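Engineer: Protein chains in written order, with the numbering used here: chain D, 1 to 660; chain S, 1001 to 1263; chain A, 2001 to 2317.
Hints listed in this document are in silico derivations from the structure and should not be mistaken for laboratory results. For clarity, every value in this text was computed on a predicted model and none was experimentally measured. Glycine is no exception: its CB is placed at the ideal position from the N, C-alpha and C atoms. Please note: incorrect hints may appear among the correct ones.
Far from chain D, by Cβ distances over 10 Å, these chain A residues were calculated [stated by the list, open to error]:
1) 2029
2) 2122
3) 2150
4) 2202
5) 2297
With the C-beta cut set under 7 Å, the calculated list includes, among others, these residues of chain D facing chain S [said to hold, decoys possible]:
6) 405
7) 471
8) 484
In silico DSSO-like cross-links for lysine-lysine, where the CA-CA straight-line distance does not exceed 27 Å [what the hints assert, rightly or not]:
9) D:233 to D:200
10) D:296 to D:331
11) D:166 to D:235
12) D:90 to D:115
13) S:1241 to A:2069
14) A:2256 to S:1244
15) D:627 to D:644
16) D:509 to D:535
17) D:509 to D:231
18) S:1197 to A:2256
19) A:2129 to S:1250
20) S:1250 to A:2069
21) D:532 to D:231
22) D:509 to S:1158
23) S:1244 to A:2069
24) S:1197 to A:2129
25) D:535 to S:1158
26) D:509 to D:90
27) D:90 to D:644
28) S:1190 to A:2256
29) D:296 to D:235
30) A:2114 to S:1190
31) D:233 to D:296
32) D:257 to D:384
33) D:644 to D:136
34) S:1161 to A:2114
35) A:2256 to S:1250
36) D:235 to D:301
37) A:2114 to S:1067
38) A:2069 to S:1197
39) D:166 to D:532
40) A:2129 to S:1161
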Amino acid sequence: MDRKIGVYICHCGSNIAGTVDVGAVIDFARSLPSVAVARDYKYMCSDPGQELIRQDINQLGLNRVVVASCSPQMHEPTFRRVCESAGLNKYLFQMANIREHCSWVTEDRAAATEKAKALVSAAVRRIYYQEPLETKEVPVNPNTLVVGGGIAGIQAALEIAASGHKVYLVEREPSIGGHMIQLDKTFPTLDCSACILTPKMSDVGSHPNIELMTYSEVVDVSGYMGNFTVKVKKKARYVDEDKCTGCGRCQELCPAKVSNEFDVGLSQRTAIYIPFAQAVPNKAVIDAQHCRYLEKVKEGKDVCRLCQRGVEKKGIPGCEAEAIDFEQTDKFIEIEVGNIIVATGYDTFDPSPIYQYGYGRFDNVVTALEFERMINASGPTGGKVLLKDGSEPKTVGIIHCVGSRDTNYHEYCSQVCCMYSMKLSHLIREHIPGAKAYEFYIDLRAVGKGFEEFYNRALDEGTVFIRGRPSDVIRQNGRLVIQAEDTLADCQRIIPVDMVVLSAALQPKADAEEVARLFSLSRSADGFFLEKHPKLDPVATMTAGIYVVGCCQAPKDIPSSVAQASAAAARVLAMISAGTIEIEAAIAAIDEELCSGCRICATLCPYKAISFDEEKEVSRLNEALCKGCGTCVAACPSGAITGKHFTSEQIMAEIDGILV
Amino acid sequence: MGISAYLMIKMGKIDGGDGQRDAIRELEAMPEVATVEPVSGQYDLVVEATVDVPARARVIAKEIQAKKWVERVHVLKVEPAEPNPFLDEVCSLPGGECVRWCMQCGMCSASCPNVNQMDYSPRKIIAMIRAGRRYDVLTSNTMWTCASCYLCTARCPKDVKITELMHSLERLAARHSLRCEGVSTPAMYKAFINSIKNNGRVFEMGMMIRFYLTTNPLSAFRMLPVALQLLLHRRLAIMPKRIKGVEQIKAIVQRAQALGGER
Amino acid sequence: MRYYSYYPGCCEEGTAVGYGMSTQAISHALGLGLVELEDWNCCGATPYGSADLLESLGIAARNLALAEKARFTVPDEKDIPEGKARLDLVTCCSCCYNTLNRAISLLGQYPELKSQVNECLAAAGLEYKGRVRVRHLFEVIYNDIGLDFIEANVVSPLTELKVASYYGCQMVRPEPGFDNPNNPQSLDRLVASLGAEPVPYPLKDRCCGGSLIIPELDLTLGLIHQLLESAATNGAQCIITVCPLCQTNLDAYQSKVNSKFKTSYNLPILFFSQLIGLALAIAPESLGLSTNIVSANQMLDQISMRKSYAMQGAENG
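The shape of chain D in the complex, shown without the other chains (with noise of 0.2 Å):
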């Protein structure tokens, strides 16, 4: 058929034609074969832009379009769009990316140009062989999963869930809650902490759209947007979720004694305990590595068991619900999802490693974490800050940026800890009358709304800020003693304070890289989640179909995660709402004639997309799993997989265009 393949060069304001002779690049344009007509424009995007490629495909008849602009992942999906509003295939349509891979790299014009002749040369070439294809419709299926149950993972539940729609929340952790529920009170309200979030959990946990498994963890995931099956582990509690009530019997009786972490490890907790008072679900759960039974039923002994069995001498009966269950396994549950949302949270930053200043060798120089559960009613010291030798503090030094804009450790900044700084500073008044706190910072960060406000009042209240970072905590009779210069004062400052308290950062997840693999997410150089764009699209990934809320995406206060979480449920309400997804054409085909049943190519299929049959002995294609990558279409020896839209007479011809 006759070609006729129109050409259409962009300027892209001057970030195209600042560096690129756009004239020469048309004229040469014109010179090619089969090019009916080339023409330039200064924004091609923009609408009289697109209604010129409009135009020439309903008057000139042109049957391939070429433009020269931008990256395809700005713009193909708009030109591809208005290819098929003026009837042509999209597939007829190509993109040579003289921007981003020539006018944004380099200064030299004379070099920008021959590039880009170059790149319009390849792309002409290219076209001629490109045939039309026809996407696929494949349904989304309308449940989701929640990775994580804090309050971002919460938020984005119900927001799910209150469509109607299924929702599955997978929670690591015997309860959900995450970093929220260990907190006193929240910045700049002061509101209680596990009192705004209670309510949340408890609707999680009763939601009829809600299935809530905790205990359990993702193990994998395989394939598509709209099409997703998890494989997820639920642990064995030991504890029938059914019959257990709740009533913390068994916490009473069990001798083992373990390091809380809900309390940061300032206090114990039994091997078999509920996490905390108010945890969803309100059901005990027995942590296998410390339990007495479990680890000498493995030789044979049948030790303990107080839980079940009780004090039988004192008559104190054991679970009366018959709850405990030791014969309890792992199950492998597998789940199918449209979405995925990742909402795992993050952890915070050991400062043991910056040894001056004296976390885990000196006494009172505690976390914010930790400080926040001594502070929090419900915590090990029932809400009393003590100093190890039971006392109260009279003096408190607030470090702030401890792990944090530090290229030793992490260079970002960790959002939160100069509000809660601050926060902390006011809690000690409030507890402690007549107390004093310092806080040593380096920047205040009180940027969202009411912050400046309650920085105001932390100044009022009488709160010292010294803007310095300590280069020191020493020891100095019997008192700990932090040295910092003022550097607005210009001298230094020798303070001896009764307690610490290091503002440690907010860090990824210890095991996110695991996580990012199993999700096919990628990581920023900061080790968190990456998301699609930083300004645009916040919560989308580059894999379609799974989105990043919380902080594992970034450090962010929980008004932000809330926000993030609502976002990404939009989306997903979005899709489930729109109902079908178009599968891409440019995937892969195998010629059952040619093929030689070696199977090398299902082998090699990342995305697990080819299948064997048997009976004729010959490798099949899931469309819908495959994603183009073009693997088995190399490793073919026998040549029968062509990758649709990037035949190898395609490919060949664009790298004739660049070479000649």
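Let chain D serve as the given structure and place chains S and A on it in line with the hints.
Structural biologist: Same frame as chain D, but now just chains S and A:
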């Protein structure tokens, strides 16, 4: 060299003539004065002078104050004209660009063992470099009081190499012929280098003698007991040991100087 | 036997003569072949770096160039082949260690600087190729010989001797090297391997003032006083060092500290090599202990008393 000083002048009584016009002409005739403008308010005139070093502004102010018709002179501000030549100079040194990364947190100063004897703390020195205060920085005693312990460098959260910077400032001071009165460290360093150039190695006794002679010979008496002890314990060589390659050292040094050094 | 090029540093001929003696004395026992770099010159240390960058790098690089060229024969081996001992230049002085490594780092980072320095070296008929590594004697013993070997070869364990390890500044900083720059532990481990008791104290890696002792005597005496106090109040019976400047400051000026601050410190300040030598039962004279100003005799008496008690105990069964 691009430092602007702004001086406010209050005029007193002028005998005869077109008072203000003559005053302006007289001021404009001064070599460093760039412009003179009348103002209203507390003062009558504002003078913009372009000086080499901020200290010159005070000298000019004194000269103007000495004039009969001047009642009061006020130095409003002295600031480097943009661009900032001193900051550019520091940044052009190998490793000097790190000065831009400082966030003024003060960790270096708090860690410094000798900060209490310094005119300006290390953090302040960086702030002053960024403000272009070449004269004040290079005449301070800060870098000469640095013990090169590297505690600042190890702890700096922005990877600023402060100790290296201190040494660069010592070299810049020499380049600009600016000295700090009251420190004898430069003299010790000179004696040290002198010994190397003559012997290839440091002859400690010779270096000490030269140091005390060029600074304060009387202070040598404080050291005599220590020197005696070292001598008695065979730790003080009486004669210098010259390496075979002293000429090589001289050739290297000469070549470096011919290449303009790289202070 | 492991062979290395050896850079003693200027102090070894003067104030640190004991360091040189003890290093030589222990090297054979430890299997260290230290072959002195021929005609080495002063590294320039802090003073030269403050005067002129190119000159200072030039004279430092002369040593590096000589080390790269060094060929030496050893009694029972042929010439050291390419890539072996010749490319490790070992120094016992922390200041020289820092200065030479700083030169390597600057010349590696700034190629224009390297070519300028090579122009200067060419005037002396030398060239710096960038292949030599400069290591600290202690780090070589710690990593290449290993504490296990030392522990196995200890003849007189220094039982109950409380030793404070003074790391000083320039061996552990500025680059994170072989030990934790915030909390170095390597010397303390050496002390333990010799059978002695390492004394933890907070100022173990703080500054002694270095060469500022000469122009800023009072300032530096204050720093030395803090260090002695910190070690003494934590129970140290002696202090070991890895740098001649540190040793001289803590040792030769201890009496000045006492008179200025009305204290009565009497802490022997040993080079770490002297302590190793004592544990290897090498005679104190060979270790240059008589050059230490604060006498180590009391300490030695205690060690030999304990040794004889131990031997008696063993005899009596």
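Engineer: So, for every hint listed, does it hold in this structure?
Structural biologist: Structure-based check of each hint:
In this structure residue 2029 (chain A) is separated from chain D by more than 10 Å, as the shortest Cβ-Cβ distance comes to about 34 Å. In this structure residue 2122 (chain A) is separated from chain D by more than 10 Å, as the shortest Cβ-Cβ distance comes to about 36 Å. With a least beta-carbon separation of about 26 Å from chain D, residue 2150 (chain A) lies farther than 10 Å from that chain, consistent with its non-interface assignment. Separation of residue 2202 (chain A) from chain D is inadequate, the least Cβ-Cβ distance of about 7 Å not exceeding the 10 Å criterion.
With a least CB separation of 35 Å from chain D, residue 2297 (chain A) remains clear of the 10 Å interface cut-off, as annotated. Among the interface hints, the one on residue 405 (chain D) holds; its C-beta lies about 6 Å from the nearest C-beta in chain S, closer than the 7 Å criterion. Proximity of residue 471 (chain D) to chain S holds as hinted, the smallest CB-CB distance being about 3 Å (cut-off 7 Å). A least Cβ separation of about 5 Å between residue 484 (chain D) and chain S falls short of the 7 Å threshold, and the interface hint therefore holds.
Restraint check for residue 233 (chain D) and residue 200 (chain D): the C-alpha separation of about 25 Å stays at or below 27 Å, so the hint holds. Distance check on the hinted pair: residue 296 (chain D) and residue 331 (chain D) sit about 22 Å apart at the alpha-carbon level, within 27 Å; holds. Distance check on the hinted pair: residue 166 (chain D) and residue 235 (chain D) sit about 22 Å apart at the alpha-carbon level, within 27 Å; holds. Of the pairs offered as hints, the one joining residue 90 (chain D) and residue 115 (chain D) holds, with about 26 Å between alpha carbons and a cut-off of 27 Å not exceeded.
A distance of roughly 23 Å separates the Cα atoms of residue 1241 (chain S) and residue 2069 (chain A); the hinted pair therefore holds under the 27 Å criterion. A hinted pair counts as satisfied when its Cα atoms are at most 27 Å apart, and residue 2256 (chain A) with residue 1244 (chain S) does not qualify at roughly 38 Å. The hinted pair formed by residue 627 (chain D) and residue 644 (chain D) meets the criterion: a straight-line CA distance of about 11 Å does not exceed 27 Å. Restraint check for residue 509 (chain D) and residue 535 (chain D): the C-alpha separation of about 24 Å stays at or below 27 Å, so the hint holds.
Between residue 509 (chain D) and residue 231 (chain D) the CA atoms are separated by roughly 21 Å; this keeps the pair inside 27 Å, and the hint holds. Our distance criterion of 27 Å between C-alpha atoms is broken by residue 1197 (chain S) and residue 2256 (chain A), whose separation comes to about 32 Å. Between the alpha carbons of residue 2129 (chain A) and residue 1250 (chain S) the distance comes to roughly 21 Å, so the proposed pair stays at or under 27 Å and holds. For the suggested pair residue 1250 (chain S) and residue 2069 (chain A), the alpha carbons sit about 20 Å apart, so the restraint of at most 27 Å is met.
For the proposed pair residue 532 (chain D) and residue 231 (chain D), the alpha carbon gap of about 25 Å is at most 27 Å, so the pair holds. For the suggested pair residue 509 (chain D) and residue 1158 (chain S), the alpha carbons sit about 24 Å apart, so the restraint of at most 27 Å is met. Our distance criterion of 27 Å between C-alpha atoms is met by residue 1244 (chain S) and residue 2069 (chain A), whose separation comes to about 17 Å. In summary, the hint linking residue 1197 (chain S) to residue 2129 (chain A) is supported, as the alpha carbons are separated by about 24 Å, within the 27 Å threshold.
Note on residue 535 (chain D) and residue 1158 (chain S): the hinted pairing holds, with a Cα-Cα distance of about 26 Å set against a maximum of 27 Å. Distance restraint check for residue 509 (chain D) and residue 90 (chain D): the Cα-Cα separation of roughly 43 Å exceeds the 27 Å cut-off, and the hinted pair is therefore not satisfied. Restraint check: the Cα-Cα separation between residue 90 (chain D) and residue 644 (chain D) comes to about 13 Å, which is no more than 27 Å; the hinted pair holds. Between the alpha carbons of residue 1190 (chain S) and residue 2256 (chain A) the distance comes to roughly 26 Å, so the proposed pair stays at or under 27 Å and holds.
Between residue 296 (chain D) and residue 235 (chain D) the alpha-carbon distance is near 20 Å, which keeps this suggested pair within the 27 Å criterion. For the suggested pair residue 2114 (chain A) and residue 1190 (chain S), the alpha carbons sit about 25 Å apart, so the restraint of at most 27 Å is met. Of the supplied pair hints, the one linking residue 233 (chain D) and residue 296 (chain D) holds, its CA atoms being roughly 24 Å apart against a limit of 27 Å. The suggested pairing of residue 257 (chain D) with residue 384 (chain D) holds, with an alpha-carbon distance near 23 Å, which does not exceed 27 Å.
The straight-line distance between the Cα atoms of residue 644 (chain D) and residue 136 (chain D) is roughly 14 Å, inside the 27 Å bound, and the hint therefore holds. In summary, the hint linking residue 1161 (chain S) to residue 2114 (chain A) is supported, as the alpha carbons are separated by about 20 Å, within the 27 Å threshold. Straight-line distance between C-alpha atoms of residue 2256 (chain A) and residue 1250 (chain S) comes to about 38 Å, which puts the hinted pair past the 27 Å bound. Restraint check for residue 235 (chain D) and residue 301 (chain D): the C-alpha separation of about 23 Å stays at or below 27 Å, so the hint holds.
Taking the CA atoms of residue 2114 (chain A) and residue 1067 (chain S), the gap is about 56 Å. The hint is violated against a cut of 27 Å. With a CA separation close to 23 Å, the supplied pair residue 2069 (chain A) and residue 1197 (chain S) stays within the 27 Å bound. Among the hinted pairs, residue 166 (chain D) with residue 532 (chain D) is consistent with the structure: their alpha-carbon atoms are about 26 Å apart, no more than 27 Å. Restraint check for residue 2129 (chain A) and residue 1161 (chain S): the C-alpha separation of about 26 Å stays at or below 27 Å, so the hint holds.
Of the numbered hints stated above, those contradicted by the structure are hints 4, 14, 18, 26, 35, 37, listed in ascending order.
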